[in-house]
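Peer 1: Sequence:
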Amino acid sequence: MAKIDAVFERLQAQGRKALIPFITAGDPDPALTVPLLHTLVQAGADIIELGVPFSDPMADGPTIQRSSERALAKGVSLRKVLEMVANFRADDNDTPIVLMGYANPIEAMGLDAFAAASYDAGVDGVLVVDYPPEEATDFAETLHRHALDPIFLLAPTSSDARIVQLGALASGYIYYVSLKGVTGSAALDVAAVAARVPEIRARTGVPVGVGFGIRDAATAGAVARIADAVVVGSRIIEEIEQAPVDQACEKVRALVVELRQAMDAAANASRGRP
Numbered sequence: 001m002a003k004i005d006a007v008f009e010r011l012q013a014q015g016r017k018a019l020i021p022f023i024t025a026g027d028p029d030p031a032l033t034v035p036l037l038h039t040l041v042q043a044g045a046d047i048i049e050l051g052v053p054f055s056d057p058m059a060d061g062p063t064i065q066r067s068s069e070r071a072l073a074k075g076v077s078l079r080k081v082l083e084m085v086a087n088f089r090a091d092d093n094d095t096p097i098v099l100m101g102y103a104n105p106i107e108a109m110g111l112d113a114f115a116a117a118s119y120d121a122g123v124d125g126v127l128v129v130d131y132p133p134e135e136a137t138d139f140a141e142t143l144h145r146h147a148l149d150p151i152f153l154l155a156p157t158s159s160d161a162r163i164v165q166l167g168a169l170a171s172g173y174i175y176y177v178s179l180k181g182v183t184g185s186a187a188l189d190v191a192a193v194a195a196r197v198p199e200i201r202a203r204t205g206v207p208v209g210v211g212f213g214i215r216d217a218a219t220a221g222a223v224a225r226i227a228d229a230v231v232v233g234s235r236i237i238e239e240i241e242q243a244p245v246d247q248a249c250e251k252v253r254a255l256v257v258e259l260r261q262a263m264d265a266a267a268n269a270s271r272g273r274p
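With the first letter of the sequence shown counted as 1, position 157 gets the number 157 in the numbering used here; the numbers rise by one all the way through.
Worth flagging that the hints you see were computed from the coordinates, not collected in a lab. Where a beta carbon is used, it is the ideal one built from N, C-alpha and C, also for glycine. Fair warning: there could be bad hints in the mix.
[Claimed, not checked] In silico EDC-like pairs for lysine to aspartate or glutamate, Cα to Cα no more than 16 Å straight-line: (1) Lys251 - Asp216; (2) Lys251 - Asp264; (3) Lys3 - Asp120; (4) Lys251 - Glu241; (5) Lys251 - Glu238; (6) Lys3 - Asp94; (7) Lys3 - Glu83; (8) Lys74 - Asp29; (9) Lys80 - Asp120.
[Unchecked claim] Label pairs and their in silico Cβ distance ranges: (10) Tyr119 - His38: 20 to 26 Å; (11) Glu107 - Thr157: 23 to 29 Å; (12) Ala191 - Glu107: 25 to 31 Å; (13) Ala194 - Asp130: 27 to 33 Å; (14) Pro244 - Asp130: 31 to 37 Å; (15) Gln14 - His38: 21 to 27 Å; (16) Ala168 - Met1: 19 to 25 Å; (17) Asp120 - Arg215: 34 to 40 Å; (18) Ala254 - Asp92: 19 to 25 Å; (19) Asp138 - Asp246: 43 to 49 Å; (20) Arg79 - Pro244: 26 to 32 Å; (21) Thr137 - Gln247: 44 to 50 Å.
Just need the whole structure built from these sequences, with the hints factored in.
Peer 2: Right under this line is the structure:
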């Protein structure tokens, strides 16, 4: 069984939901990425999205844009991101890693070469923001050939037909963008998400993670009641951005522990446990 599938199966048996934090590889310094990955796991992450720095991250708000700029200034490339994943795998072969980024660096490497190198490094899934499902058949098939999960975004405006189309390609999980706009741009409407997630799950048969707009433990707990996974990015990047480099891991740890505790409390409450 693929690692991402195994995580969701285990958590479902426990009545818990997946916590999926996002960080940008190389931010604030390339030497800190692997320690940050381990910190996220120790704090309660189930799956990690690792951003590949890109010069024009169109779906991301200012916070993640700045993190990409800092990483690019340090010379972080797609190949160096894969090296970071391989280094992480030296001590952790269980936590799924999903690369999140944009098409240009992948196409520059070549899709098949990228998929093979990602598998060799220990990547489990790939989310490419600017691969719409209409143009992603080759991408999905290539990833599946290399035992990688192609993960896609869905928006509040996605039609039923697009949801079905995407569900035929996706595996691992689907990332539901909970609001219109870029990452970190607004607070989400939990009631609207609650109405949408069951529809997506029913039409795809794939777990649904919700992200964009989750900025605190209370919101993470609320989303954990309705989705299969909670994705948090900009809020974590803010902790990294505001902390001295030697304190970044501890700042991130404290935030992720809060998120994990809130999500588990929500799960216990839904099962009638204290």
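Peer 1: Work down the list of hints and note, for each, if the structure agrees.
Peer 2: Hint check results:
no.: 1; hint: Lys251 - Asp216; in the structure: holds, 14 Å
no.: 2; hint: Lys251 - Asp264; in the structure: violated, 20 Å
no.: 3; hint: Lys3 - Asp120; in the structure: holds, 15 Å
no.: 4; hint: Lys251 - Glu241; in the structure: holds, 10 Å
no.: 5; hint: Lys251 - Glu238; in the structure: holds, 10 Å
no.: 6; hint: Lys3 - Asp94; in the structure: holds, 7 Å
no.: 7; hint: Lys3 - Glu83; in the structure: violated, 20 Å
no.: 8; hint: Lys74 - Asp29; in the structure: holds, 7 Å
no.: 9; hint: Lys80 - Asp120; in the structure: holds, 13 Å
no.: 10; hint: Tyr119 - His38: 20 to 26 Å; in the structure: holds, 22 Å
no.: 11; hint: Glu107 - Thr157: 23 to 29 Å; in the structure: holds, 26 Å
no.: 12; hint: Ala191 - Glu107: 25 to 31 Å; in the structure: violated, 39 Å
no.: 13; hint: Ala194 - Asp130: 27 to 33 Å; in the structure: holds, 28 Å
no.: 14; hint: Pro244 - Asp130: 31 to 37 Å; in the structure: holds, 34 Å
no.: 15; hint: Gln14 - His38: 21 to 27 Å; in the structure: holds, 22 Å
no.: 16; hint: Ala168 - Met1: 19 to 25 Å; in the structure: holds, 20 Å
no.: 17; hint: Asp120 - Arg215: 34 to 40 Å; in the structure: holds, 36 Å
no.: 18; hint: Ala254 - Asp92: 19 to 25 Å; in the structure: holds, 21 Å
no.: 19; hint: Asp138 - Asp246: 43 to 49 Å; in the structure: holds, 44 Å
no.: 20; hint: Arg79 - Pro244: 26 to 32 Å; in the structure: holds, 29 Å
no.: 21; hint: Thr137 - Gln247: 44 to 50 Å; in the structure: holds, 45 Å
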